[in-house]
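Please arrange chains G, X and R with the ligands on chain D, whose structure you already have, making use of the hints.
There are 4 protein chains.
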Amino acid sequence: MARKNDKIIITCAVTGGVHTPTMSDALPITPDEIATQSIDAAEAGAAILHLHARDPETGKPTPDPAVFMQFLPRIKQATDAVVNITTGGGLGMTVQERLAAPLKAEPELCSLNMGSMNFALHPLAGKYKEWKHSWEKPYLEGTDDFIFRNTFRDIAYILQHLGEGCGTRFEHECYDIGHLYNLAHFVDKGLVKPPFLVQSIFGILGGIGADVENVAFMKQTADRLFGDDYVWSVLAAGRFQMPFITQAALLGGHVRVGLEDSLYIGKGKLAGSNAEQVAKIRTILEELGHGIATPAEAREMLALKGGDRVAF
Amino acid sequence: MARKNDKIIITCAVTGGVHTPTMSDALPITPDEIATQSIDAAEAGAAILHLHARDPETGKPTPDPAVFMQFLPRIKQATDAVVNITTGGGLGMTVQERLAAPLKAEPELCSLNMGSMNFALHPLAGKYKEWKHSWEKPYLEGTDDFIFRNTFRDIAYILQHLGEGCGTRFEHECYDIGHLYNLAHFVDKGLVKPPFLVQSIFGILGGIGADVENVAFMKQTADRLFGDDYVWSVLAAGRFQMPFITQAALLGGHVRVGLEDSLYIGKGKLAGSNAEQVAKIRTILEELGHGIATPAEAREMLALKGGDRVAF
Amino acid sequence: MARKNDKIIITCAVTGGVHTPTMSDALPITPDEIATQSIDAAEAGAAILHLHARDPETGKPTPDPAVFMQFLPRIKQATDAVVNITTGGGLGMTVQERLAAPLKAEPELCSLNMGSMNFALHPLAGKYKEWKHSWEKPYLEGTDDFIFRNTFRDIAYILQHLGEGCGTRFEHECYDIGHLYNLAHFVDKGLVKPPFLVQSIFGILGGIGADVENVAFMKQTADRLFGDDYVWSVLAAGRFQMPFITQAALLGGHVRVGLEDSLYIGKGKLAGSNAEQVAKIRTILEELGHGIATPAEAREMLALKGGDRVAF
Amino acid sequence: MARKNDKIIITCAVTGGVHTPTMSDALPITPDEIATQSIDAAEAGAAILHLHARDPETGKPTPDPAVFMQFLPRIKQATDAVVNITTGGGLGMTVQERLAAPLKAEPELCSLNMGSMNFALHPLAGKYKEWKHSWEKPYLEGTDDFIFRNTFRDIAYILQHLGEGCGTRFEHECYDIGHLYNLAHFVDKGLVKPPFLVQSIFGILGGIGADVENVAFMKQTADRLFGDDYVWSVLAAGRFQMPFITQAALLGGHVRVGLEDSLYIGKGKLAGSNAEQVAKIRTILEELGHGIATPAEAREMLALKGGDRVAF
Ligand SMILES: [Zn+2]
Ligand SMILES: [Zn+2]
Ligand SMILES: [Zn+2]
Ligand SMILES: [Zn+2]
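If you read the protein sequences in the order shown, they are chains D, G, X and R.
Its first residue numbered 1, the first sequence is counted upward by one per residue in this note's numbering.
Its first residue numbered 1, the second sequence is counted upward by one per residue in this note's numbering.
Its first residue numbered 1, the third sequence is counted upward by one per residue in this note's numbering.
Its first residue numbered 1, the fourth sequence is counted upward by one per residue in this note's numbering.
To be clear, the hints were calculated from the coordinates, so they are not data collected in a lab.
Warning: the hint list may mix true and false statements.
Under the rule of at most 20 Å between Cα atoms (straight-line distance), these lysine to any residue pairs were calculated in the SDA-like manner [said to hold, decoys possible]: (1) 76(D) x 166(D); (2) 76(G) x 66(G); (3) 280(X) x 290(X); (4) 267(G) x 6(R); (5) 129(D) x 268(D); (6) 280(D) x 290(X); (7) 267(X) x 282(D); (8) 280(D) x 288(X); (9) 280(D) x 279(X); (10) 189(X) x 142(R); (11) 137(X) x 153(R); (12) 305(G) x 73(G); (13) 60(G) x 92(G); (14) 7(G) x 212(R); (15) 127(X) x 186(R); (16) 60(X) x 144(X).
Next up, chain D with everything else stripped away, as it sits in the complex (with noise of 0.2 Å):
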């Protein structure tokens, strides 16, 4: 079984490389964008910040470490939060590209996906008439023909140089049931180590579909595999995203929001900042008689190395 807690670990999301400046204004774009909602999430209680870079100018996601360090010291200042680092980065990108960043920061956390896959956004295309920038739409479009690298010889790489190399730890990203055995793989191999988090992702078009069901399996097949070697967190895709992650705390495990997986805060309606979402997942799990871990916490149950211990 997954390893239980009292308490929950609130992820944010901050902006990600799947949404595009057209889709909502609340979605940050500069560095200073993504550190003031990175801070204002923290504070509404969200113990890890998931984070990706953009083009100041433009929003198109960027790999440039340049831009990292634009905002990665604003908050490491202001909250106590755990960094995580994509390491997936935006669509296009080469792994060498997509590893930049993380292997300047040496963060304490960074996501890692654990397999190759279809990646489609192209159905989005089709939802927006006018576009803020001209690269937003060939960026989805071309996605009907995109493949999501991560082989595991990439993956083997990512575990020793960002993982051994500066004492990373990862937020495994699942995104079908195949990747929890690739995982699986690599914990066998020795080439990672308990406790480990996995993060179950839902309703990607390539990955496994969001199908309330599809959670209960992806936590007893994750159970089945690690035993009690890891600890559980969900994200859901769009409107998915609230009840799928109360599904995961109902279940024992652990949550992530933010602007990267939904826009929306309810039905039809946009979300004003990631702090939103994080206080509304607070409220439910309060009501369901949940704590909030601390990032204090979350750096207990994840085993990170501090948030003194980065390179940033």
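Okay, now just chains G, X and R with the ligands, sitting in the frame of chain D:
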């Protein structure tokens, strides 16, 4: 619920592109061997023959239509079995290469892989000391960096050119739960029409693993997504072959055997031929009270165009 | 699949026959208390009120129709909520006793327990040192030898005399998976007609236990047996109440609260009233984006005869 | 997870108390018939023989120890199989009657039913026009009002007097998910100690039904409650016998056959003997690669006291 039939369709995957000549002397390589084993498998009870081609000299998987044409007509002449040609080919082939033979042969049925994924055979490379051919070891070892490419655009292309273009129907190969959702995407768009054949695959590193619990969940998910619009079959890799397909039959599904999927007939015992595996599952199914579908019955269940309407 | 509705029906089970006066001062005992708490629960959002009667002096469950008639008309007058009367009564009553009040009142809805089972409360007896009434401790202690009797003949009798005879429909209480099969038996015989209400119950010693995994399996089984002929609701005993009914809502079900099922409002904190529990689940459901069904909407979903066609 | 063994224990339930003489000429009635069929079943591969007695004249189930004593010593003398005596008896016997023979014989193993339930055979009564004996039809018809009584107090009594008193261990018969929780209650109280045998039963009207999905869920629940403290076996009623026990074997369980559970050997074909069913499942299990446990191996897996330490 998947369409249920009193009779079970046995598919035999005669040689595939995964195993290499070193692994078993029984693996058919030449057109003559492929034809002979196919015909024997049909006589033993296989209603469908799933076929790849290999270079007659080296045994390496080949997409060359000329090689296919050396065994397809012989099989057609000698048996009434449904001929099913791969569109997956072998590791490293482009999609265009993979389609060359099917577009030429216009068979009743082709495999169609329902998503991109890591497809890793590298742990096999360490199991053999001496190799019959020089290509075998690097072919296997390199798969730690291999992605089996099947983007949404690729799949749509195959559905249009081979499906609509040639009247070919598909064995939709689903290596994970997400692949069912990918299939549902094409069903929703009207590119796949009932009754369609879902082949669930267990035990390939990169896809869903070989735990028996996964079989029932795969079916539950397909039932939820497809109701009675689909016909369900199962295959499993290696030593999981017989128990997993027996599991499928207990749940109302059809079965696939063959040396593409497993080289064994029992614990540590290599199968002497494809027909031997067909005979074994036939015994189990008959003891459990099932009948075995003839090619004509399989054609009707799958709404195939007929064995006389192919281009070989 | 269970019939889905945008709106969720909240049932409130106001006093029941399981808890005893010692356990909570908030447990309504007298007709006046039962009426008052029922009306408050309805105003807080309960569309259905599930009712037992108690001896006004001792608080012991009573089947006496005269006692029921002291609160039923008041509730009818003050609210539009659906009145649902128990046919389970209290421990040790005969089936004829259990039916006296319902046959007299001819309500729109009655509970109907779908099988015989051990119904054990004896572990509760050890939790209290002093008792308000002398009947309480032996009432609980004796349940280690108690069978809650609901044979096939009993159920058929109730379906005929109360169902066909009075136009009453049923909350089919299912304490285990087998009870769904018992219900399917009566559906097959035409004695139960859609849309019927299945109330799944978790956490009574003798029935299915309170593990969250059981909720989804109960629904899967009901989906398999009943398709969309049924409306699904969940209740859970004690501290499992809120998480289990939230789980039900995530799976498309309706919910039941009330002091019959749990005396608590939070960890170790007794609820002050039934209405308090109604308000709490209402908050959670609304945060998750659900609407709350009115009595009129509940009547339509359940095809009830109407609040004006009862005999009180 | 249930304790896994390479070898599978076949239990044979030779005559039971459910079927009546009219239903099959092969049903053993007299002590001589019961002894002969038991010995043959053991020779065919059954490691455990589960036994009821019947009135030699009428074939009606009897609790009379004197009748048991006419076949128990013969079986003990002729085979090494584990003798397992019912504590369920036949419909309508009191718990004291049901215990008479086991307390006298002090066998290594006895069945123990883990809860009260409706146990309905009345639909069978309509399938036969002429009856061999006058008791048969009313015996079956009356079950629409029959409760199979096994209260918590009854179970505790049996565990103490037969279990602790005689060194007998138990085949814990679980007809529904709740029965596993009842068993967990006794495990928690220390009255049942590992390794204990859980026999899951499917297809009795009143208990969990015969849908294959239920088998895996029964095991998942037992895994959750008991970890590796238990040994798991399955039986299923009537035509579900062979597929359900094959299902159990695929999930790592043991199997029970015998004319108590099913009178058939194939679709519409009555079995000629118990041994015929043992042989059939043995073939299937061996084709699937399983070994068959000897009585000595079964004794070790179940920690039995030994065949020489009984009172017959
Ligand atoms: Zn991200
Ligand atoms: Zn193939
Ligand atoms: Zn009640
Ligand atoms: Zn028995």
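Hints, verified against the model:
With a CA separation close to 18 Å, the supplied pair residue 76(D) and residue 166(D) stays within the 20 Å bound. Note on residue 76(G) and residue 66(G): the hinted pairing holds, with a Cα-Cα distance of about 16 Å set against a maximum of 20 Å. Taken as a hint, the residue 280(X) and residue 290(X) pair is honoured in the structure, with Cα atoms around 14 Å apart against an allowance of 20 Å. The suggested pairing of residue 267(G) with residue 6(R) holds, with an alpha-carbon distance near 12 Å, which does not exceed 20 Å.
Note on residue 129(D) and residue 268(D): the hinted pairing holds, with a Cα-Cα distance of about 17 Å set against a maximum of 20 Å. The hinted pair formed by residue 280(D) and residue 290(X) meets the criterion: a straight-line CA distance of about 14 Å does not exceed 20 Å. Among the hinted pairs, residue 267(X) with residue 282(D) is consistent with the structure: their alpha-carbon atoms are about 17 Å apart, no more than 20 Å. For the hint linking residue 280(D) to residue 288(X), the alpha-carbon distance of about 9 Å falls within 20 Å, and the restraint holds.
For the hint pairing residue 280(D) with residue 279(X), the CA-to-CA distance comes to about 17 Å; that is within 20 Å, so the pair holds. At roughly 18 Å between alpha-carbon atoms, residue 189(X) and residue 142(R) fall within 20 Å of each other, so this suggested pair holds. The straight-line distance between the Cα atoms of residue 137(X) and residue 153(R) is roughly 17 Å, inside the 20 Å bound, and the hint therefore holds. For the given pair, residue 305(G) sits about 17 Å from residue 73(G) by alpha-carbon distance, which is consistent with the 20 Å threshold.
Using a Cα cut-off of 20 Å, the hinted pair residue 60(G) and residue 92(G) holds, with the two alpha carbons roughly 12 Å apart. For the suggested pair residue 7(G) and residue 212(R), the alpha carbons sit about 18 Å apart, so the restraint of at most 20 Å is met. Distance restraint check for residue 127(X) and residue 186(R): the Cα-Cα separation of roughly 19 Å lies within the 20 Å cut-off, and the hinted pair is therefore satisfied. Simply put, residue 60(X) and residue 144(X) have alpha-carbon atoms about 19 Å apart, close enough for the 20 Å limit, and the pair holds.
Checked against the numbered hints above, the structure violates none of them.
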